[in-house]
Every structure is written in C-alpha cells, then in structure tokens.
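S.K.: Sequence:
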Amino acid sequence: MFAVIKTGGKQYKVQAGDLLKLEKLAAHAGDKVQFNEIMLLGG
Numbered sequence: 024m025f026a027v028i029k030t031g032g033k034q035y036k037v038q039a040g041d042l043l044k045l046e047k048l049a050a051h052a053g054d055k056v057q058f059n060e061i062m063l064l065g066g
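Each residue of the sequence shown is one higher than the one before, starting from 24 at the first, in the numbering used here.
Don't take every hint at face value.
Unchecked claim - Think about it this way: if two alpha-carbon atoms lie no more than 25 Å apart in a straight line, the pair counts; the simulated PhoX-like pairs of lysine-lysine are:
#, residue 1, residue 2
1, 47, 36
2, 33, 47
3, 55, 29
4, 33, 44
5, 55, 44
Source of the hints: derived by calculation from the structure; they are not laboratory data.
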C-alpha cells in the first residue's frame with residue numbers, strides 16, 4: 024500500500040518504512056511523524 028502526502032508545499036509518494044529527507048520538517052532521522060494532508064491512498 025502507498026500514499027501520496029503533501030508537506031512543505033510538495034507531494035511525495037510514500038509507503039511504510041520509507042525514509043524521507045524533507046526541508047521544512049523539524050524531526051530527526053528515525054523519528055515517527057504524522058502527516059495530515061493525505062492526497063491519495065493506493066494498493
């Protein structure tokens with residue numbers, strides 16, 4: 024299953040276990056974060 028999320032004005036296709044490098048997110052590698060703008064879910 025995958026999702027398209029929107030954060031920092033950009034959209035990303037992600038799935039469980041992905042590691043993202045985001046410009047405007049105050050988190051460290053390995054941190055779990057929650058995204059509220061889910062644009063699409065697919066399988």
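S.K.: Starting from residue 33, check that the Cα of residue 47 is at most 25 Å away, please.
M.R.: holds (10 Å)
S.K.: Take a quick look at whether residue 33 and residue 44 sit within 25 Å of each other, Cα to Cα.
M.R.: Answer holds: residue 33 to residue 44 is near 12 Å, not above 25 Å.
S.K.: Sort out whether residue 44 lies within 25 Å of residue 55, counting only the CA atoms.
M.R.: The hint holds at about 13 Å.
S.K.: Between residue 55 and residue 29, is the straight-line Cα distance small enough, at 25 Å or below?
M.R.: Distance ~16 Å between residue 55 and residue 29 Cα, so the pair holds.
S.K.: Measure nothing beyond the straight line between the CA atoms of residue 47 and residue 36; if it is 25 Å or shorter, mark the hint as holding.
M.R.: Holds, because 17 Å separates the two Cα atoms, which is no more than 25 Å.
Of the numbered hints stated above, none is contradicted by the structure.
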